[in-house]
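Enquirer: Read top to bottom, the protein sequences are chains A and B.
With the first sequence counted from 1, adding 280 to any position gets you my numbering.
With the second sequence counted from 1, adding 280 to any position gets you my numbering.
If you are wondering where the hints come from, they were derived from the structure by calculation, not from laboratory data.
Warning: the hint list may mix true and false statements.
Since the list gives no way to pick out one identical chain from another, each pair is judged satisfied if it fits inside one copy or across any two copies.
Below 27 Å or equal to it, Euclidean Cα-Cα: the simulated DSSO-like pairs (lysine-lysine) are [unchecked claim]:
| id | residue 1 | residue 2 |
| --- | --- | --- |
| 1 | LYS311 | LYS344 |
| 2 | LYS328 | LYS311 |
| 3 | LYS417 | LYS398 |
| 4 | LYS311 | LYS343 |
| 5 | LYS411 | LYS311 |
| 6 | LYS398 | LYS328 |
| 7 | LYS328 | LYS411 |
| 8 | LYS398 | LYS347 |
| 9 | LYS398 | LYS344 |
| 10 | LYS311 | LYS398 |
There are 2 protein chains.
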Amino acid sequence: MADQSEIEEGLGFAPQFGADGLVTAVVTDAKSGDVLMVAHMNAEAVAKTIESGEAWYYSRSRKKLWKKGESSGHIQRVVELRVDCDQDALWLKVEQQGAGACHTGRRSCFYRAVPLGKGGAVTLEFRDAEKAFDPGKVYK
Amino acid sequence: MADQSEIEEGLGFAPQFGADGLVTAVVTDAKSGDVLMVAHMNAEAVAKTIESGEAWYYSRSRKKLWKKGESSGHIQRVVELRVDCDQDALWLKVEQQGAGACHTGRRSCFYRAVPLGKGGAVTLEFRDAEKAFDPGKVYK
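Isolated chain A (complex conformation):
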């Protein structure tokens, strides 16, 4: 395993997978800069994403590799892929094909805001929460 200085300042790509074999993947819209989703990748998902230029992830709930858009058609074309300082997180700038990234039908998974400056119980506020597609029709 590479030492910390090599991981942070070197040009060798050495993703630091966790005990679960995964790294975190942050996905932003290449045009708007909005965060579309946060997902996870195992080594195979990383390799397939690099080779194909399309986003592959690992589903923790379904315990399987999946290509984004394989059910919905909402593929993500990767415009740029970056790795962070300690190489345990990836940032994908993507062109989102189709109406949205979120399985709930929204463009982004982040459609609710948390009000700031308050203690105690917090009530969320919808933000950019209109449905971009009908999940009932897209996911058979």
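Dock chain B against chain A, hints included.
Expert: What follows is chain B alone, placed relative to chain A:
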């Protein structure tokens, strides 16, 4: 625990902390939209961030709560906080105070790109990698 439909469509804020007690926090620059860093929050970090409007995290390596900027002075003022569909990830849009977010001295932790379309060994490419500050001077 709230059911899935309540978590996804409700207005109750119920962060789904993992077995390690943490949720993932994605931090973007409110102006440029660039991803600055990926960090983690425990319940206390979430509460302190909401109350103060400044970013608090939980360090997995140091096993302690920390306020971003407590050593460097590079505080993050939170402009907007959002939660994702399954409430296990947060998105902070911040005004980064000081020169940068990364402990290596860069503005963002994501200063290396992974070239796409290639199989086998991958050589990273520096991207936006100029130092914004001297970590040796900032971290005593």
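Enquirer: Against this structure, judge whether each hint is valid.
Expert: We went through each hint and held it up to the structure:
For a Cα distance limit of 27 Å, the shortest separation of LYS311 from LYS344 qualifies neither inside one copy, at 30 Å, nor across copies, at 36 Å. Taking the shortest Cα distances, LYS328 and LYS311 sit within 27 Å of each other inside one copy (23 Å), while across copies they are farther apart (32 Å). Proximity of LYS417 to LYS398 under the C-alpha cut-off of 27 Å is found in neither arrangement, the shortest distances being 39 Å within a copy and 36 Å between copies. Taking the shortest Cα distances, LYS311 and LYS343 never come within 27 Å of each other, neither inside one copy (31 Å) nor across copies (37 Å).
For the homomeric pair LYS411 and LYS311, the shortest alpha-carbon distances inside one copy (20 Å) and between copies (26 Å) are both at most 27 Å. In the homo-oligomer, the alpha carbons of LYS398 and LYS328 lie at most 27 Å apart only across protomers (10 Å), although the nearest pairing inside one protomer, at 44 Å, exceeds that limit. Neither within a single protomer nor between protomers do LYS328 and LYS411 lie at most 27 Å apart by alpha-carbon distance, with minima of 30 Å and 32 Å respectively. Proximity of LYS398 to LYS347 under the C-alpha cut-off of 27 Å is restricted to the inter-copy arrangement: shortest distance 18 Å between copies versus 40 Å within a copy.
Proximity of LYS398 and LYS344 under a CA criterion of 27 Å is satisfied inter-copy only: 23 Å between copies versus 40 Å inside one chain copy. Proximity of LYS311 to LYS398 under the C-alpha cut-off of 27 Å is restricted to the inter-copy arrangement: shortest distance 24 Å between copies versus 33 Å within a copy.
When held up to the earlier numbered hints, the structure conflicts with 1, 3, 4 and 7 and fits the remainder.
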